[in-house]
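Make the full structure from the sequences, and use the hints.
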Amino acid sequence: MSAPWRRRAVVAGVATSDYPHLPDFSEHAVHAQAAQRALDDAGLTWADVDGLATTGFFPMYATGVAEYLGLHPTYYDETNAGGASFEVLVEHAAYAIEAGVAEVVLVTYGSVQLSQMGRRLGTGGGGGAAAMAPGPAIYDALWGNTLVGNYALAARRHMHEYGTTPEQLASVAVTMRQHAAHNPMAQYRDPVTVEEVLSSRLVADPLHKLDCCVISDGGAACVVTSAERAADLPSAPVYVLGGAHATSHHLNLSAASDLTVSPAAQSGPLAFERAGVTPDDVDVAQLYDSFTITVVLTVEDLGFCAKGEGGPFVEKGGLALGGKLPTNTDGGGLSACHPGMRGMFLVVEAVRQLRGQAGATQVADARVAVAHGTGGMLSTGATLVLGREAP
Amino acid sequence: MGGERFFPDEMPVPSASAETAGWWEACLDHRLVVQRCLACGTTRHPPGPVCPACRSEAAEWAELPGAGTVYTFTVVRQAFLPALADTVPYVVAAIEPDGGGGARLVSNVVGCDPEDVTIGMPVEVVWEDISPELALPRFRPCADGGAVP
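The listed protein sequences derive, respectively, from chains A and B.
Here the first sequence is numbered in the working numbering, starting from 1 and rising by one per residue.
Here the second sequence is numbered in the working numbering, starting from 1001 and rising by one per residue.
Hints were generated in silico from the structure; no laboratory data involved.
Treat each hint with caution, since some may be false.
[Unchecked claim] Selected chain B positions facing chain A (Cβ under 7 Å, derived; list incomplete):
id	residue
1	P1012
2	G1022
3	W1024
4	T1042
5	P1046
6	V1050
7	V1075
8	R1077
9	Q1078
10	A1094
11	R1104
12	V1106
13	S1107
14	I1119
Idealized CB from N, CA, C, for every residue including glycine.
Shown next, in the form of structure tokens:
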């Protein structure tokens, strides 16, 4: 698919804001810190930016961030696919660069969810505002279903169909914590065992507290530009080899046709095809880990193992350093940081791996990385394939 | 009114729309229905304005016998509404109603120990009268163990 004349999109700068506790920051201030650091990393300035991509929970969100940052972009995008948003936004930014309608797109995320909303959020997704909605969400909320409960429904069905065990789910959290131990910024760094995960409080069977992501403040950003523009910049460019996204349903998990399959089953194969690689070519992965079951479904649906083999895959260390698919090398949303829509963090860590800047959790000679976001109630999926070398 | 209550009064209440009113009205009559496309026969839930398979707007409320099976479930143990503090643990389940053409309803399994709920368990509808305007279908294990009459 690569024509010799084609402009190639690259990620030229990445950064996170401080995290996970930012009690003195506004949401916009988190954007500003992450964006400034990403521009510094890219060796670019605010004056170079002609595109802005971001999303949040209010309409015209990107417009508000643009005003706050003093930007007047001629390309902007605020596609909201929940947790998958930032993989979609980077994919879109790559198309804009390749089409020649933008030169430097700043993709930025900020949240102060922990400081503003407290710790009840994770069990409140089915109530609160959703409970008052006139739309279909009420068909779950009215019966006391919760955000965790929705993922628990999927987990239980996966256990039923494939024999997946609570111990296998717990092993995902154990591996993420092992990686977080090497990340000085991670929200939780002390090692945990499978037994400790299983003895943590059950929130919604079969998901325990430690099967659920943390709730954090934080943000992240990246700069997408053309390979030509990046040639003069300080960091080694990381190529956007391919991307794709998909959706299976909105917020009613009961409306999904198969609770054991996520939209990654659609977005993954498309993204790999567009990138010209296969799952076997992937050296390191950053996979949305809202819950342990999310990761099990994703490794299956992206094709890193067969459907139903996700449990044994994670239990045998498939996600660990030295395993088949080292995953969430920063500690992930289960241990490091999850401010609500974590997708931007996935891209940042994938780029650091491909640059060889991942420190103690660096995967040797990483050439191809995958970042995959999952949003809603397993409703949306977006896969990005990134590479160290030009396709 | 006056039947058994399972959840507190403080639970959220739905606001019906033109396309969902028929479902809530059937509930008030203690009739379990699912929306069925008149053009292609595909069932859907929650109710919606067009058939997701063929986009026809023509639909009927197909009355179901009220039995079904548990497709999947969870035991919610952490209350998200203060009013539910005394209700946990409770079972949220995706129910496949008999005759529903594969459509699933999220509801509760009541009338048994949460630990006894299993996937594939036969259940039957039990109506909870919330107010003169609202009745909700919940499900309990079949009294006869699920034997087909």
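Hint by hint, here is what the structure shows:
no., hint, verdict
1, P1012, "3 Å, holds"
2, G1022, "14 Å, violated"
3, W1024, "10 Å, violated"
4, T1042, "12 Å, violated"
5, P1046, "4 Å, holds"
6, V1050, "13 Å, violated"
7, V1075, "4 Å, holds"
8, R1077, "5 Å, holds"
9, Q1078, "5 Å, holds"
10, A1094, "5 Å, holds"
11, R1104, "4 Å, holds"
12, V1106, "5 Å, holds"
13, S1107, "5 Å, holds"
14, I1119, "5 Å, holds"
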